[in-house]
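Join these two chains into a complex; the hints should help.
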Amino acid sequence: MREMINMIVVLTVLTTFSGGLLAAVKSKTEVQIENQVLKFQKAPAIKGIFPETTNDPLAERFNVKNENMELQVFPGKLPDGSKAVAFETSGTGFGGAVGLMVGINLDKDTIIGVRVTTHSETPGIGSRAKDDPAFVSQFSGKGMDTNFGVKADGGAIDAMSGATVTSKAVSLAATQAKEIYQKLKPEIVKQMN
Amino acid sequence: MAQSLAKEFTKGLWAEIPPFRLVLGLCPALAVTKSLENGIGMGIALTFVLVCSNLFISLLRNIIPSKVRIACFIVIVATFVTIVELLMQAYAYELFLTLGIFIPLIVVNCIPLGRAEAFAYKNGPLLSIADGLGLGIGYGLSLSALASVREILGNGTLTVWGGIPAFTMGPDFLPFKFLLTAPGAFVGLGLMLCLMNLIGKK
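In the order they appear, the protein sequences are chains A and B. Under numbering that gives the first Met the number 0, think of the first position of the first sequence as 0, with each following residue one higher. Under numbering that gives the first Met the number 0, think of the first position of the second sequence as 0, with each following residue one higher.
If we strip away everything but chain B, and leave its shape as in the complex, we get (with noise of 0.2 Å):
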C-alpha cells in the first residue's frame, strides 16, 4: 500500500507532471506565469482544490451514479475553487488581484476534471490524495520553475512573495521582454519540455 501510495504521488512529479506530460491545464500555465509569486500562488490554490475534490469524489464514487458523474464533478471541482477564492480574497487580496479570472477558471480547467474522471473515480481515497498531491505539487513546481526563467531573463527580477523582488539582475542587465509575452510563454514552455525530454532520455 504505501509503495503504490508513493507512486501515485511522484508519478505527478516526473512521469505525469502537468502540464508538461499531461499538456493539460496550459490556459493559466501560459498566462500567470509572468512573476515566481504568481506561479507559487497558482500551484498551491490547484493542489487545494485537486486534493479536496479528489477525496470527496473518491468516497462518492460508489453512490454518484455513473450517467450524472460529470455534472456531480463539477459542482464538487466548482466548490473548492470558489472557496479558494473566497480565502484568496480574505487573507492574499494582492494575489487575488493579479490571478484574478484564473482562479474561477480552474473549474473548467482540465486538470480537476481529468484527474477525477481518471483517478479518483475508479481508486480508493487515499491513493486519491496521493494522486491529487503529487500532480497538485508538480503543478506548482513546473509553473514555478517556467515562471522563475520568465522573470529572471523577461523582467530581472525573481519575487517569491509579497510584490518585493527577492532578487534582482542589477541595472546592466537588459530585459529579454519577449519572454513575457504571451508567445514569450510558448516558447519557454516548449524548451523546458524540450529538456525534459532530453534528461530522460537517457
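Just chain A, same shape as in the assembly (with noise of 0.2 Å):
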C-alpha cells in the first residue's frame, strides 16, 4: 500500500512539474513564434494569393473582432484598383490543425486564392494540399455562394486522392473562411477606409 501510494505521488508530483515547466516555456515563447509563423508562413502565402499589391499587406495588418476572438486580417489593393482581403481560418486534419490563409476579392466576393499555412500532415498524402498547387487552385475564382465542401459530401471541390481527411479540413477551413467573411465584411471594409 504504502509502495502504490508513493508511486502515485511521485508521478504526480512529476507531471504536474512537466506540466507547469512546458506552460512557462510556451508563455513565454509564444510572441516569438507567431513572429516566425508570420514570416516562413504567411508571408509566403500571402505573397502566393495575392502575387502583386500596391501596398504592403502584412505591415497594413489589422485585427476584426469576431465573437470573442481576434481575427488577423491582411489588406490587400490589387493592382487593377480593386480591394481584396486575406486572412487564416482552420480545419482538423489527420495530424492536427490545418492552417489555410484565404484571399478574398471585396467587390466581387469572390474567392482570389487559398493557401495552406501551418499544418502536422503525413509528409508526401497529406501534405501535398500545401506542396501541389492544383488541389488548392480549385477554390480560385470561386463565388461566395459555393457549397465548398468535397464532391463526396455534395460540394464543389475534388478531393485529393489518398487524402480525405486533408482534403475536407482545407474545405471546412474555407466554409469556415466564407461564413466569417459573410458575417464580418462590413466591419472589415469599415476598417480598410
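No lab work stands behind these hints, which were simulated from the structure alone. The model shown is predicted, which means the values in this text are computed figures rather than measured ones. Positions of the beta carbon are idealized from the N, C-alpha and C atoms, including for glycine. All the pointers check out, no bait thrown in.
Here are a few chain A residues that face chain B, going by a calculated C-beta distance under 7 Å:
1) M6
2) L10
3) L13
4) L21
5) V24
6) T28
7) Q31
8) Q35
This is the structure in C-alpha cells:
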C-alpha cells in the first residue's frame, strides 16, 4: 500500500511539475513563435495569393473582433484597383489543425486564392495540400455562394486521392472563411477605409 | 573523479558513439542527414535533451520507484523534447521546418531512454551529465560526418547554417543522387561503420 501511494505521489508531482514548466516555456516563446510563423508561413502564403499588390498587406494588417476571438486581417490593394483581404482559418486534419490562408476579392465577393499554412499532415500524402498547387487552385475564382465541401459531401471540390481527411480539413477551413467573411464584411470594409 | 568524468565523456565520442556503436537512434540518423545543417541541428537538440534528462533522472534516482521508472523517464524526456521544439520554433524556424517530425520523435528515440535506464538511474548527477554530453556530442559528430558525405557527394554542396551553401563542387560536378535517398543513407552508414572498425582494429 505504501509503495502504491509512493508511486502515485511521485508520478503526480513529476507530471505537475512538467506541465508547469512547459506552460512557462510556452508563454515565454509564444510571441516569438507568432512572429516566426508570420514571417515563414503567412508571408509566403499571402505572396502566393496576391502576387502583386500596391500596398504591403503584412505591414497594414489589423485585427477584427469575431465573437470573442481576434481575427488577423491582411488587406491587399490589387493592381486593377479592387480591394481584397486575406485571413487565416483552420480545419481539423489527420495530424491536427490545418491552417488555411484565404484571399477574397471584396468588390466581386470571389475567392482569389487559398494557401495552406501551418499543418502537421503526413509528408507526401496530406502535405500535398500545401506542396501541390492543383488542389488549392480549385478554390480560385469561386464565388461566395459556392459549397466548398468535397464532392462526396455534395460540394464543388475534388478531394485529393488518398488524402480525404486533409481535403475535408481544407474545405472546412474554406467554409468557415466564407461564414466569417459574410458576417464580418461590413466591419472589414469599415476598417479598411 | 575527474578521471572517471573524462572517461564517461570520451566513451561517447568513440567507444560507444551513437548511432554507430550503440546502434540506437538510427531513424533520425538516416532521415535528416541530407545536409550538414540538419545533422548539426539534430545533434544540438539531442545533446540538450540528453544532458537535461540525464541530470534530472540521476537527481531523482532515489525518489523514482523502480516499478514506474519508465513512465517517469518518458515524462522527463518528453518535457525537454517539447521545450526544444518550442525553442526551435521560436528561434530557428527554418530548421524546425526541415527537422519537423524528427524533433518530437526524440521522445521515443532509444538514446535518451537507454541512457536513463542504463546510466543515469545508477550514477550521480555529474557523471550523468558527462555521459549525456559525451553521447550527445558524439551523436552530433556522427550525424555531421554522415551528412557531410551525403551532401557533398549527393548534392555537390555543403550547408553549415542558414540554408546557404558554404561550399559547392562547381558546375562540372555530377551529383551522385543515390546517396540522398534512404538506401543511400544505409550504405553511407555501413561504409562509415566499416571504416571505424578498420581504424579500431589496429
